[in-house]
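Those protein sequences? They're chains X and W, same order as listed. First residue of the first sequence? That's 1 in my numbering, and the numbers climb one at a time after it. First residue of the second sequence? That's 263 in my numbering, and the numbers climb one at a time after it.
Just so you know, the hints here were simulated from the structure itself, not pulled from any lab data. One or more of the hints may lead you astray.
Stated by the list, open to error - With a Cα cut of at most 16 Å, we get these calculated EDC-like pairs of lysine to aspartate or glutamate:
#: 1; chain 1: W; residue 1: Lys-323; chain 2: W; residue 2: Glu-370
#: 2; chain 1: X; residue 1: Lys-256; chain 2: W; residue 2: Glu-460
#: 3; chain 1: W; residue 1: Lys-289; chain 2: W; residue 2: Glu-460
#: 4; chain 1: X; residue 1: Lys-103; chain 2: W; residue 2: Glu-265
#: 5; chain 1: W; residue 1: Lys-268; chain 2: W; residue 2: Asp-465
#: 6; chain 1: W; residue 1: Lys-420; chain 2: W; residue 2: Glu-460
#: 7; chain 1: W; residue 1: Lys-323; chain 2: W; residue 2: Glu-373
#: 8; chain 1: W; residue 1: Lys-422; chain 2: W; residue 2: Glu-370
#: 9; chain 1: X; residue 1: Lys-256; chain 2: W; residue 2: Glu-265
Each chain, written out:
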Amino acid sequence: MSEIFKALVVQARVVYAFILRDMRTRFGRSRLGYFWAVFEPLTGILALALVFSVIDRGSPINVDIHLFFFTGIIPWTLFSRGVSMMSNVIEGSVSLLTYPQVKVIDVVIARVVLEFATIFIVCILYLTVLYFWDIFDRIENLLLSITVLMICLIFGSAFGLVGAVIKLYLPGYSSFQGLLLRVLFFVSGAFFVADSMPQPIRDALWYNPVLHLVEWARSAFFYGFESRFYDPMYPILWMLCFGFLGLAGERVTRSKLRQLGV
Amino acid sequence: MIEFIKVSKHYKLSHGYRTILDEVSFKFPEHKNIGVLGMNGAGKSTILRLIAGSEPPDSGKIIRTGRFSWPLGFSGGFNQNLSGEENLRFVCRIYNADLHQVLDYVREFSELGDALTEPMRTYSNGMKARLAFGLSLAIDFDVYLIDEVMAVGDPIFKKKSKAAFEARRQTANLILVSHDMRTIRDYADVIIILNDHELSIFDNVESGIKFYQSLAGVKP
């Protein structure tokens with residue numbers, strides 16, 4: 001038992017060291033890192049709002065359109081950031097494996113924690129501004145909202161980790177993944193709600209786990225909006241399967257990294 | 263200190279495999295300075311990485327007690343966008359070493375001065391090696407792993423490295439890969455020879471070297 005405890009203490013230390021290190025590399029060198037963390041979701045929200053005002057469409061549900069896009073862009077950002085920050089995690093940490101206590105999973109955990117903390121602070125910032133703008137009032141279920149956002153990030157990271165493993169064998173996979181993400185963005189409900197879609201399209205979209213997450217997040221966030229579309233278990237199953245696949249893949253490739261030419 | 267249990271390690275080549283170790287069970291002698299010899303391409307550096315734990319075996323188990331260094335002078339684990347000092351902090355954290363003590367030691371030893379707060383991508387190879395060398399001396403390892411490189415820098419710095427290294431050797435042991443028999447004679451107490459996917463130990467350094475030279479076809 002004490003062996004396991006000791007190992008956990010070492011791992012916690014390594015994860016902590018990585019969080020501080022990633023903070024430095026992402027935010028430390030220039031103010032630009034902070035700037036992007038805050039303004040990247042904003043550009044998405046404003047771009048969508050602009051398009052909607054040009055084509056003269058209103059919010060699909062009875063809330064302010066900026067807040068509506070906010071509740072779509074944030075889950076999407078967490079998912080896609082999860083994917084992109086994991087896609088180089090294996091090659092990126094290979095030189096660090098020289099330190100025997102460092103495992104790829106430590107880098108994964110550190111990035112997930114740091115990313116979540118960052119987006120969390122960004123959300124608070126946005127909501128504060130929207131609150132004083134009289135656009136945002138309160139959240140229906142805060143704890144559930146946070147949980148759904150966490151699932152978005154962990155699912156994205158698991159998806160990205162699987163991609164990182166596939167990439168070792170099929171280098172062309174990264175461009176395929178880039179394409180897939182672009183398509184996914186359009187069908188992930190950042191700018192629509194599933195219930196407003198015609199039946200056949202809705203049935204096809206049902207297979208997209210990210211749409212489930214966005215609908216779930218909105219249902220937890222808004223009073224008076226409850227999507228009939230999502231099933232919480234569906235994206236959770238995706239997350240668990242990809243998480244398992246990603247970790248197993250990392251474990252299998254661990255002793256082969258040198259041969260795979262990393 | 264370190265024991266291999268049925269350890270196998272192969273590398274896949276474009277045609278077939280290269281076998282480094284094939285189900286080797288081997289106990290490394292404790293509290294000894296070990297010289298590792300083997301023909302070119304036999305996998306000496308791989309053995310060192312297996313010992314360090316920076317590469318896992320294909321199968322089998324490696325049991326380690328005590329703290330093993332990374333191969334001395336290795337600077338690949340540094341992040342080029344962080345400063346030397348930030349990299350030191352990171353390594354101290356993962357090894358749970360005393361930050362101030364290590365910083366003071368490395369600052370004094372590496373003679374990097376103000377460069378320590380600059381990003382490491384601005385460092386020359388020599389500067390990186392000095393930092394890495396100082397850092398591995400500053401952390402209390404029980405065993406130092408050395409892959410050919412014993413000292414870095416210009417002759418004056420080399421001398422200083424050697425002296426610092428001698429001091430560390432009072433409390434720590436070495437595992438050393440070298441082609442230079444003089445270095446091996448200077449430092450090793452026992453010889454381990456990697457040949458034919460097997461490890462064999464020679465308690466007598468001279469007979470180990472002799473065996474190695476007969477393998478290599480060198481007349482004594």
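Against the structure, the hints:
| no. | hint | in the structure |
| --- | --- | --- |
| 1 | Lys-323(W) with Glu-370(W) | violated (40 Å) |
| 2 | Lys-256(X) with Glu-460(W) | violated (21 Å) |
| 3 | Lys-289(W) with Glu-460(W) | holds (12 Å) |
| 4 | Lys-103(X) with Glu-265(W) | violated (21 Å) |
| 5 | Lys-268(W) with Asp-465(W) | violated (22 Å) |
| 6 | Lys-420(W) with Glu-460(W) | violated (35 Å) |
| 7 | Lys-323(W) with Glu-373(W) | violated (41 Å) |
| 8 | Lys-422(W) with Glu-370(W) | holds (12 Å) |
| 9 | Lys-256(X) with Glu-265(W) | violated (22 Å) |
The structure shown violates the earlier hints numbered 1, 2, 4, 5, 6, 7, 9.
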